[in-house]
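**Q** The chain contents come next:
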Amino acid sequence: MAKYLYNQEAVENLRLSDTSVLDRLVDFESAREAHLKKERAKKDKRMTIGEAVKTFVQDGDIITDGGFSYVRTAHQAFHEIIRQGKKNLQMIGAPNTNQSFFITYGLVEYSHSSYTGAEMRGIDKVYDRALKAGKIQILSEWSHGGVAQGLKAAQLGIPGVFSKQMLGSDLMRYNPYLKVVQHPLKEDKDPCVFVPALYPDVAVIHCHAADKYGNAYIYGPAVNDLATAAAARKLIITAEEIVPENDIRYNKQGQIIPFFYVDAVVEMPFGALPGSMPGCYYWPRQWWEKCMRFGGASEENNKAFCDEWILGVKDQYEFVEKLGGARWIAEARRQTKAAEGDNEDIDFSYEEYTLKHDSGIYY
Amino acid sequence: MQDLNAPANPLETLAYIIAQQIEDHSIVYIGTGIPMVAGILAKKTHAPNITLVYESGGQDPIEGDMPWSVGCPFTWRKSPTIMEMSYSFAQCYNGYVDIGFLGFAQVDMYGNVNTHMIGKDYHQPKVRMTGSGGNNDLSSLTEKMVLVGLQTPEKFPEKVDFITSVGHLSGGDSRREAGLIGNGPAAVISPWGVYDFHPVNKRMRVKSLTPGVTFELAQQLTGFELLKPEGEIPETKLVTPEALEVIRTQVDPRGVFTSMPAA
Chain A
1 MAKYLYNQEA VENLRLSDTS VLDRLVDFES AREAHLKKER AKKDKRMTIG
51 EAVKTFVQDG DIITDGGFSY VRTAHQAFHE IIRQGKKNLQ MIGAPNTNQS
101 FFITYGLVEY SHSSYTGAEM RGIDKVYDRA LKAGKIQILS EWSHGGVAQG
151 LKAAQLGIPG VFSKQMLGSD LMRYNPYLKV VQHPLKEDKD PCVFVPALYP
201 DVAVIHCHAA DKYGNAYIYG PAVNDLATAA AARKLIITAE EIVPENDIRY
251 NKQGQIIPFF YVDAVVEMPF GALPGSMPGC YYWPRQWWEK CMRFGGASEE
301 NNKAFCDEWI LGVKDQYEFV EKLGGARWIA EARRQTKAAE GDNEDIDFSY
351 EEYTLKHDSG IYY
Chain B
1001 MQDLNAPANP LETLAYIIAQ QIEDHSIVYI GTGIPMVAGI LAKKTHAPNI
1051 TLVYESGGQD PIEGDMPWSV GCPFTWRKSP TIMEMSYSFA QCYNGYVDIG
1101 FLGFAQVDMY GNVNTHMIGK DYHQPKVRMT GSGGNNDLSS LTEKMVLVGL
1151 QTPEKFPEKV DFITSVGHLS GGDSRREAGL IGNGPAAVIS PWGVYDFHPV
1201 NKRMRVKSLT PGVTFELAQQ LTGFELLKPE GEIPETKLVT PEALEVIRTQ
1251 VDPRGVFTSM PAA
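For the record, the sequence lines run as chains A and B. Position 8 (the first sequence) corresponds to 8 in my numbering; numbering is contiguous. All you need for my numbering is the position in the second sequence, starting with 1, plus 1000.
In isolation and in its complexed conformation, chain A is listed as follows (with noise of 0.2 Å):
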């Protein structure tokens, strides 16, 4: 039996047949339990990225995209889920981008949808066919944006937040989570959404730095992730660096993750691979390229492609080597200084990567 008095309607367009999956990403109770009980000591947290995901992420788990698509996004964590081989996963983000390196191995069965695909570089294919497959259930669509309150919501310690977004459109008829409330206050009809409060199971934010506690510094955007590091019931971080805690207190002010959120703290200079990370690299933007056209040109072409770079790699450092090793740190590094205007400009050309060209170069 389901905890919640879902929308029925979105429920049966969706062919829901038991509710009960739903529950866990509004359960507020349970959410604030598994934040009772986490450790108040300030302990060392550092683990390996494969004790931190054997520990924090189960099966079944509702798991969160992060950063922005290819922006900050714990890629190389990801990376060792799916080498780990973990299943019945939930996905939930805005962006929601990376849940077909999940899907692509059978992990994500069930979608809450934001955003899939990688902008100008093409719609995201493997999405396309696992769901006409059936490998795949979408159990709610999304606005980012209300994606976005129902994480700041809970950021916010309130029950939910009262929208004008997503009224009116088919969201409304694919969201069981959604529904249209009056305004409280009005005497004349203004229908606002009621968007519950979002708690994921687990998170994993790739961050700039952080302590041995978890205290954790991000530079540049920040999105949904001091949202979603409020909300999640397990946490794990993974950083460019490990610094001292004095270093988060005298140096480090602005976006900040405090400690007693965090259940893990994982060295991991390069996480962000192949996306971006402000201040550190800029895109392998062939990779991309490479991944959206001809990993989606087809189920073997993508396969090839994720076992070459997830399967086929042991850890962030062999994909480095794979991207052209300290030659790709230092022009990556050269690139995004520049972009962010902290060094000379210099030309962004590139050999972009079409399906008659493949230069082999990822800088």
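The hints are simulated quantities; they were obtained by calculation from the structure and are not laboratory data. Check before you lean on any hint, since a few could be wrong.
Here are the computed lysine to any residue pairs in the SDA-like style, where the Cα-Cα straight-line distance is at most 25 Å [as the list claims (entries may be wrong)]: (1) A:K303 to B:K1126; (2) B:K1155 to A:M120; (3) B:K1207 to B:D1173; (4) B:K1207 to B:P1010; (5) A:K135 to B:I1181; (6) A:K189 to B:R1176; (7) A:K186 to B:R1077; (8) B:K1043 to A:I346; (9) A:K45 to A:Q253; (10) B:K1043 to A:M120; (11) A:K252 to A:A209; (12) B:K1159 to A:K252; (13) B:K1078 to A:Q253; (14) A:K189 to B:I1181; (15) A:K252 to B:R1077.
Far from chain B, some chain A residues (derived; all Cβ distances over 12 Å) [what the hints assert, rightly or not]: (16) Q8; (17) Y105; (18) A153; (19) Q255; (20) P258; (21) P269.
All C-beta atoms in this analysis are idealised placements derived from N, C-alpha and C, irrespective of residue type, glycine included.
Chain A is fixed; fit chain B onto it per the hints.
**A** Just chain B, lined up with the frame of chain A:
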């Protein structure tokens, strides 16, 4: 570097027409692709004092290269602030965005947008597409929306296969009655024409057509009955040689978004 003497292609034309919608001293929410070109073109030509806003949260970046993505550092290059996603959309609701640009896979006679799926069966679509992203949020909240895309009868159907974002819903006052904010779409721009919406019934209407395109041709490219404006249909002002040079030398010199895809 592009051939500076080649005639304008449809994407460059599109970028120019979009840029003409932007008034100086306004706050402009920019989606990925051609709207990026248009926003930067406007800033480099007739509207140097606009503030560009991007979905990654970047606000008012200083001038740089063409962003590779809306999350690219060029969208928040030395920004005074970068907003979290929920706050970034909130600025549309709160009245701190004047105009927004969005793409579509389908747009219908009332300016409703589909970026979800093509086909009649949600569970077995012909093609599943990206989903909403920020499309719905901007459409729901922004004072003035401009929709940008290619035009064929399939892309301009009478009813979209999935309403990702509400335009004027079912016409008349239906958008406001559904509780949405802002005035809805003001214009739809394709390489063949600029369309607006009838002030009362909110149906799509021809505003101006690209030179050489007749009303009959525009109608043939549309899956529903287009409204005709009163009097002579004006020609859309085409990209000037000066603006074309700015696009090719300063805005998108490598043709990231303005070179036509190879066949």
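**Q** Does each hint hold? Answer for all of them.
**A** Verification of the supplied hints:
no.: 1; hint: A:K303 to B:K1126; verdict: 22 Å, holds
no.: 2; hint: B:K1155 to A:M120; verdict: 18 Å, holds
no.: 3; hint: B:K1207 to B:D1173; verdict: 21 Å, holds
no.: 4; hint: B:K1207 to B:P1010; verdict: 18 Å, holds
no.: 5; hint: A:K135 to B:I1181; verdict: 38 Å, violated
no.: 6; hint: A:K189 to B:R1176; verdict: 10 Å, holds
no.: 7; hint: A:K186 to B:R1077; verdict: 43 Å, violated
no.: 8; hint: B:K1043 to A:I346; verdict: 22 Å, holds
no.: 9; hint: A:K45 to A:Q253; verdict: 22 Å, holds
no.: 10; hint: B:K1043 to A:M120; verdict: 22 Å, holds
no.: 11; hint: A:K252 to A:A209; verdict: 9 Å, holds
no.: 12; hint: B:K1159 to A:K252; verdict: 52 Å, violated
no.: 13; hint: B:K1078 to A:Q253; verdict: 17 Å, holds
no.: 14; hint: A:K189 to B:I1181; verdict: 14 Å, holds
no.: 15; hint: A:K252 to B:R1077; verdict: 19 Å, holds
no.: 16; hint: Q8; verdict: 16 Å, holds
no.: 17; hint: Y105; verdict: 20 Å, holds
no.: 18; hint: A153; verdict: 9 Å, violated
no.: 19; hint: Q255; verdict: 9 Å, violated
no.: 20; hint: P258; verdict: 16 Å, holds
no.: 21; hint: P269; verdict: 19 Å, holds
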